[in-house]
Amino acid sequence: MVSPAIALAFLPLLLTLIIRYRYFFVLFYRAVLIRIWKDCVTGLSREERAFQYVLTHATPGDPDSILDTFDVWCSKVEFISNIGPKKGKILDRLLMEHSPLTVLELGAHCGYSTVRIARSLPLGARLYSIEMDQRNAAIAEKVIRLAGFDDDTVELIVNPSDEVIPQLRSDYNLERLDFVFMDHWKKCYLPDLQMLEGSGLLGKGSIILADNVLFPGAPKFLRYIRKSGLYEWKIHRAMLEYSKGIRDGMAELVYQGIK
Amino acid sequence: MVEKFFQDHERKMPRDSLITSENDKRSKRKRAKSKQETSRRENNEEEEAQLTGGKGTKARKDIRNEKTRRMEKEEVREVDENIDEGKKKQGSTKKGEKKEDGGKQLVKEKARDIKKKKHKKAETSSEPETSEEDDDEEEDNDKDVVRPECLSPEELEKLKEAVDERKKLIQSLRGKPWPMKKKLVTLRESQEFVEKYEGALGKGKGRKLYAYKVLMTKKWMKFQRDFENFKTACIPWEMKIKEIESHFGSSVASYFIFLRWMYGINMILFGLTFGLVMVPEALMGRPYGSMPRKTVPRAEEASAMDFAVLWDFGGYAQYSVLFYGYYNNQRTVGWLKFRMPLSYFLVGVGTVAYSYMVVIRTMARNANESGVGDDNSFNFSWKMFTSWDYLIGNAETADNKFASITTSFKEAILEEQENHKDDNIHLTRFLRVLANFLVLCCLAGSGYLIYFVVRRSQKFALDGLENHTWWERNEVNMVMSLLGMFCPMLFDVISTLENYHPRVALQWQLGRIFALFLGNLYTFIIALMDEINLKRKEEKVVKFNITMWEASLYNGTVLENSTAPPVTIHPADVPRGPCWETMVGQEFVRLIISDTMTTYITLLIGDFLRAVLVRFLNYCWCWDLEAGFPSYSEFDVSGNVLGLIFNQGMIWMGSFYAPCLPALNVIRLHVSMYLQCWAVMCCNVPQERVFKASGSNNFYMAMLLVILFLSTLPAIYTIVSIPPSFDCGPFSGKNRMFDVIHETLESDFPPWFSKVFSYASNPGLVLPFILLMVLAIYYLQSTSKSYREANVELKKKLQMQNEENKRKNKRAALKAQMDLEEARKTAQEQQRNNNASVQDQEVYCVSELSDSWMKMRLSRK
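Sequences listed follow chains W and G, in order. Numbers 1 to 259, taken from the numbering used here, label the letters of the first sequence in order. Numbers 260 to 1120, taken from the numbering used here, label the letters of the second sequence in order.
Certain hints may be false.
Said to hold, decoys possible - Straight line, CA to CA, 25 Å or less: simulated DSS-like cross-link-like pairs of lysine-lysine:
| # | chain 1 | residue 1 | chain 2 | residue 2 |
| --- | --- | --- | --- | --- |
| 1 | W | K142 | W | K204 |
| 2 | G | K1054 | W | K89 |
| 3 | W | K187 | W | K76 |
| 4 | W | K89 | W | K227 |
| 5 | W | K220 | W | K234 |
| 6 | G | K1054 | W | K86 |
| 7 | G | K1054 | G | K1067 |
| 8 | G | K426 | G | K440 |
| 9 | W | K234 | G | K669 |
| 10 | G | K669 | W | K244 |
| 11 | G | K1044 | G | K1054 |
Calculated from the structure, these hints are not laboratory results. Quick caveat, the model's predicted, so the values are computed rather than measured.
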């Protein structure tokens, strides 16, 4: 029988763990517990709830207002892992600097990042957004239309990324991708990157931006880009979206091609 | 070049008169020479042949050609020698002419040389540079011609001087204000020159000797280098520590260096106790089983060899040289008449004295090394030039260091900005106070928990330990180890509130853990004291019983038969006292063992197991374990250092009652060196904020000193104030332990010595002496303070001077610039005037032309 004194001696450890990983606990609470509870109560999916909120609170046709509303919902009400306002600034900057004409987005989710990319694209640019989930895609479609982007600017493709990427060249007459934004399943980062390399859509100077490479993290992806030598890469360190203490990063890759 | 030099010194002719060249004369002479050259000395024949070949063409082409000139010189020299030798191939007139010619030639050379030197000094253009190089190359070509055998002593002297000059040049090259390219070129040339002609300085035998000397110096240098390598190879674990340093930065390495240092100290303590106490007793003292104190009592005999008992240092381990109780109080042991009790006492005192000495000496040395650096005045410069840790040899660590330097720059800039607007300082202060309050709460809580546990264990001890479970019996140790393990983590988390620089944070953390450990240690000691008092009460009872028992024994024998020999009782059956000293020793040994075990188990579970899990679960986990949540552990410098320090404190405290403690500690340190090196390299990641820890060594030392003091206090208290047990240990039967000194003084020294000693130990002498010492310390301290102030003053002065110099230089540069500009202006003006005149002329011309043209046109019209 362990005496109570010994059990009490474990109290500092418990406190330490709670304090050190408090952000993770908060995240767990917001992203999992609240979500399950709300799902049961409302009978809607999380994305649908988010869309309802946006619909009621944002100005239609104004991408900035829609993004702000999303941010408010995600930080105050519930949690959806969008790119977030802070990392979004990095994305905006990159888009402004390079003004790409053909952009591919993997993982539209509920359209936040799609709107974010689309609003900073130059005239005549085209964004292909891939989403594999039917319901999410429907909401993303609505959000994109709500923000005022039409089919010429944003093309939403509802299919898994590993099916779409090999056919991009044939089905959509793409020659080259200037900018790729990855924010779908972290496990798919590496295979999709390799598929992009194989498809020959990446040219010298094409930029690939991968979100959430540190948390939840894509270690194989990072290991690969470190080794491959095809890219000039760097990691923008930041915090996880809508959370203060969890570190995350975005990997910015510039395709150099085989020298 | 050689020629140049002795030309410089030999011929002191007026320069200007000789610069005019007489071409025809020279060409004539050359023709004559070519004829003559067939009859040269044997050793020079080949070169000469080449020379003639070269000369025949070149001399005719261009007389001023440098190479030919050099050859001519060569020839002149040879001619001179020929004359010396008395050859009769040339007419005396010719000779004279040639000599003169040669002389002129040489002086010209000299002039050129001087010019060159001027060039070097003035450093105006790169033109002379190239020509010089050419010269050198050419000299290289015909260097073989110059043999030291054919030099006169004077020339040799010159050559020597030249070589010396070159050497000087090499030495002073670094300070010269030349461009790097020029420096390199000059250095190479000079080195070549020195190498070439240094060997030539000795003739024949001397030369050989010289070559031999050079060879030997080279060999010696190589040997020295090898010896250095060998020495570093001899330093234990040097390579290991260097490797760790390269991977983890100097803060982690400082722990290992400290560990190694500690190992050295413990080796010496071990040598003292082992060589002067344990071995003599084991070899020369009475053997096991000869006395009650050297035998396991009858009641424990059955279980004395059980592992559980031995693990607790009971049974046979208790009744051995490992513990105080085993030692006999006989004054001398063996045929050497080794004074065992005296040796025991002196070794006990000596180890502590030695430790004090070493710690203080090391502290003083470190303080000297660290010097007086004011980090505040040039914050950014320091960061700029000194923040890189050059010992890092690992890419990942270098990345981390890079990141940490950038962040430190950012932070420094922010700090600078915040210096002007300090509205946030209250929050920081509040957070710091809050953090300290929390830490204090923690400390109080842990202290109370330990106190509670100790009280409980005393209750258990009164009940009899056999009635309780293992958990309850080991509760004190368990709780202490667990608190010692977990509280630092909590402190670490709390200290993130404070937002200190990591080096400062490390010191705070060290201080807090220090307080925690100290609390634990002292609770432990207080509990021990209670137990000592209990044992002493028990001892009194036992003593009374023994006298009764003996009396009954003798009474019985006396009653039966008065002449019969006294009854021999087996020593195991003799009743004996509890022997509190051995108990104290045992407690310390147990504590050390459990502490070591906890450390190793934490290492294996907290570091190794975690690393294994993180590494291999990462393949099938939904988030990145390596970069995210559990991650690999960092090396905990502060906790490890303090563990080491407190461990050492316990050794110091307990080694008087358990001579085996230093030996145990040596083993522990040895194992943990390897284990921790391995663990660090295999399961830890470099700290996120790598920082330099060059200054922290003295902090460790200061803590060690404090611990040393605090740990000698209880030991000295027990030695001085508690009478030793009556039936065990080297001091049994004495009133106090230090009585052994008196005894020795009385019986082993002449009476006058003890008299002197008694006078010397008279308070009337001791007190003034102490007073004197205090005064001396005060004096030294105040002088060192004034020195420090003087240092600061000097530094300020230096700074001022530097600034002054800078200003002066600036002024001079400005003036030069102004002059230059003025000169340029005047030049421009002149040019403009010229231009203007030219223009005037042009205008005049043009106007004339146009006039004429107009006239023509007019006339045409």
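To see whether the hints hold, each was checked on the structure:
1. W:K142 with W:K204: Given pair K142 (chain W), K204 (chain W) is violated - Cα atoms ~35 Å apart, limit 25 Å.
2. G:K1054 with W:K89: violated, 49 Å
3. W:K187 with W:K76: violated, 29 Å
4. W:K89 with W:K227: Violated: K89 (chain W) and K227 (chain W) sit about 28 Å apart, past 25 Å.
5. W:K220 with W:K234: Roughly 16 Å separates the two Cα atoms, so the pair holds.
6. G:K1054 with W:K86: violated, 48 Å
7. G:K1054 with G:K1067: holds, 20 Å
8. G:K426 with G:K440: holds, 19 Å
9. W:K234 with G:K669: Holds, at about 19 Å.
10. G:K669 with W:K244: holds, 20 Å
11. G:K1044 with G:K1054: It holds: about 15 Å lies between the C-alpha atoms, which stays within 25 Å.
In this structure, the hints that do not hold are numbers 1, 2, 3, 4, 6, in rising order.
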